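Combine the two chains into a complex, taking the hints into account.
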Amino acid sequence: MKKNMLLLVLVLIAFNYVSAQGYQVGDKAADFRLKNVDGSFVSMRDYQDAKGFVVVFTCNHCPYAVAYEDRLIEIDKKYRPKGFPVIAINPNDPSLSPQDSYEHMQVRAREKGFTFPYLFDDGQEVFPVYGATRTPHVFLLNRKNNELTVAYIGAIDDNYRDVSAVREKFLANAIDALLAGADPDPQFTTAIGCTIKADN
Amino acid sequence: MIIIPAAVNNFVTCLLIGLNKHYILKEMILIKIILLLIFSTTAFSQIPTVDFEQLEPRLTTSSDSVYVVNFWATWCVPCVKELPEFEKINQLYAEKKVRVLLVSLDNPRHIESRVLPFIDEHDLKSEIILLDDPRSSSWIPRVDDSWSGAIPATVIFNRNTRSFYEQVFTYEELENAVISKLN
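Residue numbers (our numbering), protein chains in the order written: chain E, 1 to 200; chain G, 1 to 183.
Simulated from the structure, these hints should not be mistaken for laboratory data. This structure is a prediction, so every number in the text was calculated from the model and none was measured. Beta carbons are placed, not taken as given, at the ideal position from N, Cα and C, and that holds for glycine. You may find that some hints are simply not true.
[What the hints assert, rightly or not] If we take Cβ atoms under 10 Å as the criterion, some of the chain G residues that face chain E in the derived model are:
{"no.": "1", "residue": "A73"}
{"no.": "2", "residue": "L105"}
{"no.": "3", "residue": "A150"}
[Stated by the list, open to error] Some residues of chain G that are not near chain E, with every Cβ distance over 10 Å (derived):
{"no.": "4", "residue": "T49"}
{"no.": "5", "residue": "S63"}
{"no.": "6", "residue": "E85"}
{"no.": "7", "residue": "K88"}
{"no.": "8", "residue": "Q91"}
{"no.": "9", "residue": "Y93"}
{"no.": "10", "residue": "E112"}
{"no.": "11", "residue": "P117"}
{"no.": "12", "residue": "F118"}
{"no.": "13", "residue": "D123"}
{"no.": "14", "residue": "S126"}
{"no.": "15", "residue": "E127"}
{"no.": "16", "residue": "S137"}
{"no.": "17", "residue": "N158"}
{"no.": "18", "residue": "K181"}
{"no.": "19", "residue": "L182"}
Chain G extracted, bound-state conformation (with noise of 0.2 Å):
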C-alpha cells in the first residue's frame, strides 16, 4: 500500500501547475501519477508517528495472534544490536502468526535525516511506527508496571498472556520468548 502524504501532492501540484498552460488535462494527470510514485517511494516516505493513545490499543489483541513489541531508538546501541533478531522473527514466524511491531522512540525531527535512512540501510521489514510522547513517566507504567524506563525494552503478548522484558535478547531468547507465547 502507498500512503501518499498530502504534504507530497501539494508540491508535486506545486510542481506542475508551472507546466499548465502547455499541457492538457490527460497528460497532467499521468505526469503527476509518476511524479507522485517517485517521490512518495523515496524521500517522501514516512513512518506513522503516534501518542501514547494511539498506541496503547496495539498493545493487547483479540485475535490469534502473537505480537512483539519492541521499544527502541536510532541511537540506543544495545536496541541497534537486537534489531536483526526481531527481524528474523518477523521474517521466519510470519506464517505461524506473530507481528513484530517496532516503536522507535527518536525524535520525530529526526525521522526524516536519521530513522528513515537507518530503515534503509538496515532494510528493515517489521512495521514500524514512532511514539511520539514526551510524557514518558505517565505511560511507562502503562506498558508495563515493572519498567524502569530504560530501552530496549519488549513486550510479547497473545490474547491469554504477556510478558515484559526489560533486557538486550539473543536471538534464541527471543524465539523461546515467541515460542512460549505460541498455542
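If we strip away everything but chain E, and leave its shape as in the complex, we get (with noise of 0.2 Å):
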C-alpha cells in the first residue's frame, strides 16, 4: 500500500513537470517591455511603488474578454491607489485575429477609457513565458524582497456573464488575501476563454 502511494505520488510529480508550461504559483515572474496603446513602453520595473501587479492577458475581439472590461476598470480603480495596478496584455497575432491589432487596441481601449495599460505582446513572446493560454487569464503578482512572485492565476470572479450573480470574486480576494499579508485561498482558479492565437 505505501508502495503503491509512493508511485502515485510519483507519477503526479511526473506528470506535473511534463505538463508544466509557464508559471506555476510561488515562481517568480519576469518583468516585459511592451508598447502601450499611447506609443509609450511600460515595465513593471517603472512602477517603483507597486506592490504587485494584476497582470491580464486579454484582447479585443473574445467575448469572455470583453465581458470582463468594466470589472477590470473597477479593479484597476479600486486596487491601484492600494499598490496594485492592472497591466493588461494582448498576446494575440493581429494576423490571425485581425480584431486584435495594435490599431484595433487603441480603439477598444478608447471606447471603454481603460484607466491601465493595454499592451501589445508584439512577436507573441511575453504570453508562452507567462503560461497564458486563454483571454482572459489573470496572473497577481506580488513583490517580496524587491522580487516579483506569482501569487495567484486563474479567472476574475466566477460568472463572466452577469457580475450581479458572482459569488466568489477570484482576483479581488486574492489581492485583499495579500494586502492583508496572508496567501489567497484559492491559489488557481480556471475559466472559459478564447484560445490565445498564435503561430506554434
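Take a look at the structure:
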C-alpha cells in the first residue's frame, strides 16, 4: 500500500513536470517591455511603489474578455491606489486575429476608457513565458524582497456573464489577501476563455 | 422527431382564435397542424439548452459507443475552422457507433440570431446542445483537470477510457483519436 502511494506520488510529480508550462504559483515573474496604446513602452520596473501587479492577458475579439472589461476598470480603480495596478496585455497575433491589431487596441482602449495600460505582446513572446493559454487569463504578482512572485493564477470571478450573480470574486479576494499579508485562497482557478492566437 | 415548443403551440393557438367563428372543429385542427409544422421547422426550431449538471451525464457512457464531445462557439474562429472535421467523423463513423456532440458555449440570447442561422448555413448534422452555465470555474475542472478553459476543447471517450484535447484538430488527428477509442 505504501509502495503504491509512493508510486502514485511519483507519477503525479512526473505528470506535473511534463504538463508544467509557464508559471505556477510561487514562481518568480519576469518583467517585460511592451508598447502601450499611447505609444509609450511599459515595464513593471517603472512602478517603483507598486506592491504587485494584476497582469491580465486579454484582447478585443473574445466575448469573455469583453465581458470583463468593465470589471477590470473597477479593479484597477480600486486596487491601483492600494499598490496593485492592472496591466493588460494582448497576446494575439493580429495576422490570425485581425480585431486584435495594435490599431484596434487603441480604438478599444479609447472607447472603454481603460484606466490601465493595454500593451501589445508584439511577436507573441511574453505570454508563453507566463504560460497564458486563454483570454482573459490573470496572473497576480506580489512583490517580496524586491522580487515579483506569482501569487494567484486564473479567473477574475466565477460568473463571466452576470456581474450581479458573482459569488466569488477570486481576483479581488486574492489581492485583499495579499494586502492583509496572507496567501490567496484559492491560488488557482480556471475559467472559460478564448485560445490565444499565435503561430506555434 | 419534431419537438414543438410550447411557445410555438401557444402562438399558433392564438392565431387561430381569430378564425374560430368561421371554421368547424375538424378544419381548425387541420389548419393548426399545418401551421405548427411550418413554424416548428423554420423560425422556431430550437436547440436544447442545459446547465452543467444536465450535461455531465453526457460526458461518460456505459454503452459500447465512442463519444466525441466538442466545446465550441459560433464566434470562436479556431472552433469554426475544425467543425467540418467533426461533421465528417459524425458522418463517416456513424455505423461504427461513434457519436458526435457539439456543445455550443454561445450566449443563449443568441440562439435565434446567431446559433440557428449558423447551423443552417454550415448544414451541421451532429447533435448540438447549448451549455448555459456561466460559473465556468466550477465546471471546467469537472470536464477535465488539465483544461485551462480555452476553447476549442474536446473529450473523446468510450466506457473504459477517455482523452481530453485542448487543441484544434486536423481530420487525421481527430480520426486517429477516435480510432484509438474504437474496440
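Hints versus structure:
1. With its C-beta approaching chain E no nearer than about 8 Å, A73 of chain G sits inside the 10 Å limit, and its interface hint holds.
2. Contact between L105 of chain G and chain E, as hinted, is supported at the beta carbon level, the nearest pair being about 7 Å apart and thus within 10 Å.
3. Using the Cβ-Cβ criterion of 10 Å, the hint placing A150 of chain G at the interface with chain E is satisfied: the shortest such distance is roughly 4 Å.
4. Distance check on T49 of chain G: its Cβ is at least 13 Å (rounded) from any Cβ of chain E, clearing the 10 Å threshold; non-interface status holds.
5. In this structure S63 of chain G is separated from chain E by more than 10 Å, as the shortest Cβ-Cβ distance comes to about 28 Å.
6. With a minimum CB-CB distance of about 16 Å to chain E, E85 of chain G clears the 10 Å threshold, and the non-interface call stands.
7. Every CB of chain E is more than 10 Å from the CB of K88 of chain G (nearest about 22 Å), matching its label as outside the interface.
8. The non-interface label for Q91 of chain G is consistent with chain E: the shortest C-beta to C-beta separation is roughly 26 Å, beyond 10 Å.
9. Separation of Y93 of chain G from chain E is adequate, the least Cβ-Cβ distance of about 26 Å exceeding the 10 Å criterion.
10. No beta-carbon of chain E is positioned within 10 Å of the beta-carbon of E112 of chain G; the least distance is around 17 Å.
11. Every CB of chain E lies more than 10 Å from the CB of P117 of chain G, the least distance being 17 Å, so the non-interface label holds.
12. Every beta carbon of chain E lies more than 10 Å from that of F118 of chain G, the smallest distance being close to 15 Å; the non-interface claim holds.
13. Non-interface call for D123 of chain G relative to chain E: holds, since the shortest CB-CB distance, roughly 25 Å, exceeds 10 Å.
14. In this structure S126 of chain G is separated from chain E by more than 10 Å, as the shortest Cβ-Cβ distance comes to about 21 Å.
15. The Cβ of E127 of chain G sits about 21 Å from the closest Cβ of chain E, beyond the 10 Å cut-off, so the non-interface label holds.
16. Not every CB of chain E lies more than 10 Å from the CB of S137 of chain G, the least distance being 5 Å, so the non-interface label is violated.
17. At the 10 Å boundary, the C-beta of N158 of chain G stays outside the reach of chain E, the nearest C-beta of that chain being 22 Å off.
18. Non-interface status of K181 of chain G relative to chain E is upheld: no Cβ of that chain comes within 10 Å, the nearest being about 21 Å off.
19. For L182 of chain G, the shortest C-beta to C-beta distance to chain E comes to about 26 Å, beyond the 10 Å cut-off, and the non-interface label holds.
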